[in-house]
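Undergrad: Listed below, chain by chain, are the residues.
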Amino acid sequence: MTAPQGSADGDAVLRAEGLVHVYGGETRALDGVDLAIRRGERIAIVGQNGSGKSTLVRHFNGLLRPTEGRVLVEGRDTDGQRVAHLSATVGLAFQDPDRQIFAGKVRREVAFGPQNLGRRGADLQAAIDEALVATGLDMDAQTNPYDLGFSRRKLLALASILAMGTPIVILDEPTTGQDARGVERIHLIVADLSAAGRTVVAVSHDMRFVAEAFARVIVMRDGRIVLDGTPAEVFAESAWPTLASTFLEPPLAARVGARLGLGSTPTDAALEAALAGAG
Amino acid sequence: MLIGGYLGPLAIVLLGVVPAAAIAGVAPRLLRISLLLTLPIAISVVLVSVFTRAGSHVLFNIGPFDATAEGVDFAGQTLVRLLAISTSIGLFGLTTEPRSFVLDLERRGLSPRFAFVALATLEAVPAMVERAGVISSAQRARGLDTEGSVRARLRGVLPLVGPVILSSLTEVEERSLALEVRAFGRPGRRHLLWQIPDSGVQLAVRAALLLALLGSIVARITGSFPSLP
Amino acid sequence: MLELRSVSYRYAGYATEVLHEVDLRLSDGEIVGLVGPNEAGKSTLCLVASGLAPASIGGSLSGTLTLDGTPAAGLATHQLAERVVVGFQNPNTQRSGIAATVFEEIALGPMNLGLAVEDTVARTREAIARLKLDHLVLRDPTRLSGGQAQLVGIASLLAMRPRHVILDEPTAQLDPAGTRLVGEALRSLAGTGTSLLIAEHKTDLLDGLCTRIVVIDGGRIVLDGPTSEVFDDRRLAGLGIEPPARVRLGRLLGSRGVDPAVMAGALTDSAR
Chain A
1 MTAPQGSADG
11 DAVLRAEGLV
21 HVYGGETRAL
31 DGVDLAIRRG
41 ERIAIVGQNG
51 SGKSTLVRHF
61 NGLLRPTEGR
71 VLVEGRDTDG
81 QRVAHLSATV
91 GLAFQDPDRQ
101 IFAGKVRREV
111 AFGPQNLGRR
121 GADLQAAIDE
131 ALVATGLDMD
141 AQTNPYDLGF
151 SRRKLLALAS
161 ILAMGTPIVI
171 LDEPTTGQDA
181 RGVERIHLIV
191 ADLSAAGRTV
201 VAVSHDMRFV
211 AEAFARVIVM
221 RDGRIVLDGT
231 PAEVFAESAW
241 PTLASTFLEP
251 PLAARVGARL
261 GLGSTPTDAA
271 LEAALAGAG
Chain B
1001 MLIGGYLGPL
1011 AIVLLGVVPA
1021 AAIAGVAPRL
1031 LRISLLLTLP
1041 IAISVVLVSV
1051 FTRAGSHVLF
1061 NIGPFDATAE
1071 GVDFAGQTLV
1081 RLLAISTSIG
1091 LFGLTTEPRS
1101 FVLDLERRGL
1111 SPRFAFVALA
1121 TLEAVPAMVE
1131 RAGVISSAQR
1141 ARGLDTEGSV
1151 RARLRGVLPL
1161 VGPVILSSLT
1171 EVEERSLALE
1181 VRAFGRPGRR
1191 HLLWQIPDSG
1201 VQLAVRAALL
1211 LALLGSIVAR
1221 ITGSFPSLP
Chain C
2001 MLELRSVSYR
2011 YAGYATEVLH
2021 EVDLRLSDGE
2031 IVGLVGPNEA
2041 GKSTLCLVAS
2051 GLAPASIGGS
2061 LSGTLTLDGT
2071 PAAGLATHQL
2081 AERVVVGFQN
2091 PNTQRSGIAA
2101 TVFEEIALGP
2111 MNLGLAVEDT
2121 VARTREAIAR
2131 LKLDHLVLRD
2141 PTRLSGGQAQ
2151 LVGIASLLAM
2161 RPRHVILDEP
2171 TAQLDPAGTR
2181 LVGEALRSLA
2191 GTGTSLLIAE
2201 HKTDLLDGLC
2211 TRIVVIDGGR
2221 IVLDGPTSEV
2231 FDDRRLAGLG
2241 IEPPARVRLG
2251 RLLGSRGVDP
2261 AVMAGALTDS
2271 AR
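Chains as they are written, first to last, in the working numbering: chain A, 1 to 279; chain B, 1001 to 1229; chain C, 2001 to 2272.
To be clear, the hints were calculated from the coordinates, so they are not data collected in a lab. Hints may be right or wrong, so weigh each one.
Stated by the list, open to error - Okay, the calculated bits of chain A under chain B, using three or more residues with CB under 8 Å as the criterion:
| no. | region |
| --- | --- |
| 1 | 71 to 77 |
| 2 | 95 to 109 |
| 3 | 253 to 264 |
To be verified - Looking from chain B toward chain A, a few residues come up when the C-beta cut is under 10 Å (computed):
| no. | residue |
| --- | --- |
| 4 | ILE1135 |
| 5 | ARG1140 |
| 6 | LEU1154 |
| 7 | LEU1158 |
All residues carry an ideal CB built from backbone N, CA and C; glycine is no exception.
In isolation and in its complexed conformation, chain A is listed as follows (with noise of 0.2 Å):
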């Protein structure tokens, strides 16, 4: 086993190395990906639908294996590793949360991943309380899963996976469907995660919450990653044409930051700081 790169890569919690991803034995949707994502970093993966991005994450708990290359979790290869053994340390909330709701109160529904990693009692209760109040579902727990709308059935699916406590935390398009406050809640949701220590990891094609709520934006083309840094360097000008070749595009608070001269502003708030600092 070679020694870790560098000290920055050093502490990396999850790694893909040379990665490759081949499905139907012909398309290939992951091109050679060389990432290492630190521990306690809040980071953002965005690219058309087609460019690999959710591919990528879902080698990160097993659910998919490399053809090439290989994925570590906590410094460990994830070949022989179960899926559901990595679900200790990986929690990835799914965009479709009717693929796996199945009980008939919210609170049973939540309970079932810590209950998978082994929590009892009291500790199983604290979790699934902490999960429901950060979802906003905390006076819903016995409600019929079914009788919320979707937009917090999504919140639910969520919570089941805040509750299991896992160091890594993948959110597979977070804020599709939800509303002003729902966006609201999510934002602080990863605020809180971070915060906590735990990694953050979001798939999104909302480029306003991307260059808000994360530190490092990576956006993916054809199975490759083709721009990785802050917010700021990933929709500052200098960027614009490879963004473009990806039909993403920047926030408008970048364009109108470029036009005035100020530098990359790709939040509402930094062109403020830049208005500001200039006038």
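Let chain A serve as the given structure and place chains B and C on it in line with the hints.
TA: For chains B and C alone, kept in the frame of chain A given last:
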């Protein structure tokens, strides 16, 4: 032993079904499927007929049961008839594309609603299998162990089966609304996009088969055909 | 024109009304955006405006829905289908389940209307072209990604050439390019005289697309007016609706005395 009793069914199989299967390229599969289907029935037919058929020529006996030549004859004739039926049905199943069949029925007057139900039923199982796959991934990602002890696997039944049923049921209403939006409930015929190819040869063969069927019914009624002993 | 007058609606078996005294008018060629927090009644309004509530799902409706002068109350669902279509956000339920290819899937609607084969094919090709789905025509509809399935679902509705199109979160599964594609397709569709009602959270999309915005909250219409007017309304934030970036940043720039031309320029950059 009436040779005639065997001739008819064997002629159908050897002169009709097998050459047709060979032309269609499904002969090996057909033989395999027909044998698999007829074997269980064949065994019980043989056992019952050989030993219980009334007859005078006893060949051997096992305990109180006499195996008669008449019994063997009866079993034999029944078996060839079974073979004729199973190979014919098998040939139909292996050479007919279910979708084309249903659509052609609609062209000939089957109500579009029945056609829809038939086609949707054909698709139902693959769709469920796909759904079950996604559900399994989601539950395994929540720590469900699908490879552990029997007890663990039993506990996994509800989280795996539950969402399949629940999501199918909850989607039914929206699904049927979506169908109504696309006018699936409209009475009257549709002009189908699909052309099911037909040819003079196929028409002639179908006509000949129909005549043969009518002819054999008439022959049976008038007594010219040998019936089972 | 599609018109709802004083419409209140209650689902079958439920005591509470989900829509109260709703007035809504959709003129030919109009694109109207419907915004509101979740569970405010957007989806119900879409169902009611299509006539499916109560014609298909029951429930009790007071007030009237009129489609191009004809009251919807007496119409059977297939008669409604000839005039108005509604699309839902779940691509799985939009799929018929009986088509072998995407082309067939899209053709099913016009075929069901009893059209001649040439008309069916023409309308199908038109819908495919509008949503740029040529590369998917021969694919198995069950083997599409969520985004592709959503586009096929929209095309399947457009192929019916309805006069009124109602879409409930049509871009939910789509990436930014797909969202832009749908926006362009809907804009060109409105140009042919079709009226559109689009329920969406993406106010940026609606900002560039709609002539009018209707805001619903608690089952009531609280705002109904031209896009710029409604999106500039300060009450939106209190209603749980995020105004488009243009408005948010416009206010920021305005408070700093920045020339509005800068914003206009930045917007044209992105509308490219």
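Undergrad: So, for every hint listed, does it hold in this structure?
TA: Now the hints, each set against the structure:
| no. | hint | verdict |
| --- | --- | --- |
| 1 | 71 to 77 | violated (count 0) |
| 2 | 95 to 109 | holds (count 7) |
| 3 | 253 to 264 | violated (count 0) |
| 4 | ILE1135 | holds, 5 Å |
| 5 | ARG1140 | holds, 4 Å |
| 6 | LEU1154 | violated, 14 Å |
| 7 | LEU1158 | holds, 6 Å |
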